[in-house]
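Please arrange chain S on chain Z, whose structure you already have, making use of the hints.
Going down the list, the protein sequences come from chains Z and S. All residue numbers for the first sequence refer to my numbering, where the first residue is 1 and numbers rise by one. All residue numbers for the second sequence refer to my numbering, where the first residue is 1 and numbers rise by one.
Keep in mind the hints are simulated off the structure, nothing from the lab. The beta-carbon is built from N, C-alpha and C at its ideal position, and this holds for glycine as well. Wrong hints could be hidden among the right ones.
As the list claims (entries may be wrong) - Simulated pairs of lysine-lysine, DSSO-like, Cα-Cα distance not exceeding 30 angstroms:
hint	chain 1	residue 1	chain 2	residue 2
1	S	K292	S	K99
2	Z	K111	Z	K54
3	S	K284	Z	K144
4	S	K299	Z	K293
5	S	K71	Z	K111
6	Z	K298	S	K506
7	Z	K290	S	K341
8	S	K259	Z	K179
9	Z	K273	S	K71
10	Z	K144	S	K506
11	S	K259	S	K284
What the hints assert, rightly or not - Rough simulated footprint, nothing fancy, chain Z against chain S, three-plus residues with beta-carbon under 8 angstroms:
hint	region
12	45-51
13	84-94
14	442-451
15	664-675
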Amino acid sequence: MLGELQKIKETFDKDLESCVDLNSINLFRAGLIGKKGRLTEIIKNISSLNREEKVKVGSLVNELKHEIELGVKARIKALSRTGASGDSIDVTMPGVASRIGRKHPLTVILKEIVDIFEDMGFGVVEGPEIETEYYNFEALNIPKDHPSREAFDTFYIEGTYLLRSHTSPVQVRFMEENKPPFRIIVPGRVYRPDATDASHSFMFHQVEGLMVGEDISLADLKGVLEIFSKRLFGKATRMRFRPHFFPFTEPSAEVDISCIICGGAGCRVCSNKGWLEVLGAGMVNPKVFKYVKYGHEKYTGFAFGMGVERIAMLKYGIDDIRLFFENDFRFLRQF
Amino acid sequence: MKFTYSWIKRYIDLKATPKEISDSLTMAGLEVVSIKKIGGDYLFEAEVTTNRPDCLGIIGIARELSAIFNKDLKLPSTEIKPSYMVRHKGDFSVSVIDKNACPRYTARIALNIRVAPSPEWLMVHIESIGLRPVNNIVDITNFCLFEFGQPLHAFDLDKLKGNRIIVRAARKGETIVTIDDARRTLDEDTLVIADEERPVAIAGIMGGIDTEVTDATKNILLESAYFEPSVIRRAARKLALKSESSYRFEREVAWDNVKRCSDRAILLIAEFAKGKISAKFFDKSKNPLKEKLITLSGKRVNKILGVDIPLDFMKGSLECLGFDVAVNKDTLCVSTNSLRKDIKEDIDLIEEIARLYGYDKIPSRIPKELITNHRADESGIRSKTHLAKDTMVSLGFNEVVSYSLISPVILEKLGTEIDETIIRIKNPASEEQAIMRPTLIGNLLGVASFNLNRKEALVNIFELGNIYRRQRGGFKEELYLAGVLCGTLDSGWREKHRHADFFDLKGALEELFSRLGIKTAEFNGEPRQILEGSSSCGIYINEKCIGLLGELRSEYLDRFDLKERLFIFEINFSAILDDINLRRHFSAIPKYPSIKRDISFVVDEKISSARIMQVIRSEASALIKEIRLFDKYDGGHIPPGKKSLAYSIEYRSNDRTLTDDEVNSLHSNIINTLRSELGAQAREK
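This is chain Z alone, in the form it adopts within the complex (with noise of 0.2 angstroms):
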């Protein structure tokens, strides 16, 4: 009889456990001290006992009785919580809920590269994308017939108006409205007769940047592109600034990172080098100070510019530019 009431005490609570719905418990529950339960049927054995064993049986009979009716009202009320009739469900069904949309990866990358250098403390400017020559060319001292205008193959729409081949426009602009020292950055559209191709697109955005002070360096360039680009592309990352030519900054240069891929030791996305082109910077050129009439010597600056989607490809490992114009859900809803 002690065995029995053992071998009941032990696999109690796992039966219990094993009971998913009120039927299945009420069952158990009728199997232990229902009529002719398995308790119940000790109970009514206990007057074949000796005293001694009456006494310990039916206290052990009691105690267990009680843990019973305790156990099943818990786990009743367990169920009752989790389903309402005690049906289990299948956990492993869809959930169900309206799909929010996606921000298109250009919107994505350019917050990002926004977002870096607002926290340096550079304002937002924007200009018209609609441009004349002096503006997109003459100002930033790229003069007309000169080999250096190869480089900005244009889109006009009639005179002097046409659709800027860069943003560097917008540093003119401001710079006529406004006095140092500032720092801004400019992101916008810009177009150029290019055929499109996997990489090349007659319209692209860039992100333009500006710094003017009375004692702004290239030093200080290589600091502002540094944090830029460890922020954007990881710490490990590591810049190279190589000697170019722009006719608007001068001493100029184009700014590699090590390659994000392979980390610099040589791949398919980085043709081998180790390095990507990403950037194109340098010290505003005193020419395009005079022509916004700065005093000569009093201020030096630094200004940079990048392609948005150049960078969104690099950092997305996007293989053809024309995706981002596409707008195939399939490619949007990847981020």
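Then chain S, alone, in the frame of chain Z:
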């Protein structure tokens, strides 16, 4: 620009490996884009920026290397020994008519030459950079062109008519057959080299076939000149003809190289073609170039670069690059020269010093300058566009970015007249990109069609971007927000799928306006022609129409290859910028509870929801906090021409708890008013 290791070694005694050469040139601003091993030699290709025509000659590149590696530069001899010279008995003259287009023209005659194959070493050099050897005369002019970056041209002297070279503008309609065997018709914009009868070369671009050097040539005239870069550039563009010569003249050749290179070539001709050089050197120069002195302050160099470079280093670097430098305390006096016409101001010299010092040695510094003029997003336009985008995305819409340049076909499909307000590109790359978009709708329909045809069940998209139109006195660029909703709304396995409709899109816009703090948006009025009259409307803010919403008419569906019912909206976002209110003001959470009562009635179908709301509100508007339509029913047992509507009205007072009696009385007043004003019949619950 191509060059080989062995050719470079003619001028500089280098030990560096090809990789070292490539890396150091790249880091000094002459980017080497490829190195190829050819036999025992190496072929380099470098990208020369437009400011450095001096590096379009191999000596120029050697000069860079001599400065980088601090090695002497050995220039080829250009001294003509008297033994090479003869007196040319013939009578010959050179006249330059257009001195502005041709500031310097030199010519020299070589007699009794023997045209033959070039010597081996010369052939190897010019072949290594991709040229085909022709004969010693042509090869020598090519060799010298690549050596100095100064184009030369040799005429067969005996084929020139009239013993005279004339540099003049072409006459309209004049023709020449160039050495590539093409007949070209010229006009006044093109400068030519002519004899007494006809043009014999297009100046700076290409020679004529009639006077070219052949195996039979005995006497030649060697031309070396400085043509005005813009003149050559315009002509080359006009004729769509480019050559190694025009490439260099466009970028400006060095005044001093004109004679130097001519001397070098004539010496090689004397040596390898056994010719005699006429003592007479024709040199028609407008005025010799004057050297200029640039004063460069060491302090300014270090200020701009943010470094501390010693004056000695500055002086040494500039001297290595071929400049004469004098020191005066903290100042350098540098004389410019014709080899480096890009050096005109002190800033140009600062760049030279920085290049040779090494950009990588310039430290990174965080700007210490204070911000005193920081005007971030004064108009709030960026926060407003961000909020609009965020809201649209959270409402399930996907953002698209589309081209601002579109095909006129899109406007035709939309029935938009291509009038004088539409901006056309004068030189479009193709007709597909000929027009600046005056609406976002066309592109969005294109994107919708693209995705629906790729089996997307639901297309819900928006774009926030500029549209462009011409207006009096200029152009306008305005921000527009537009969207498309089309397809099946599918929230999973539990609810039935259904087609998205007008109210889904309207609901999204209501939520958008609410997020933008615009409380007064109204949807009514006449829509535009592309929308179905029965299911579309204008969008108004303070009685100003700022957009439209509705179903696209079915004939437009076909034009854009769309099949399902499709709903669109377009809002002039620039026009509502001032209405957007990002300020939030907290109102206290109500102290007293509200009471809800439902009201259900049958009313004439023509009576608008707006009108019903208005009537409900006219009763006890102060105590009504919210009116919500929760059911609409017609057909079935509802009489034709009628509809059954059910509203839930929430009553609340700000200063007391409303009693049931109070609310019941208000509620029955509303029912009475609806009956008397609109003929509504209350339905039993």
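- prompt: Among the hints numbered above, which are violated by the structure, and what are their numbers in rising order?
  reply: 2, 5, 6, 8, 10, 13 and 15
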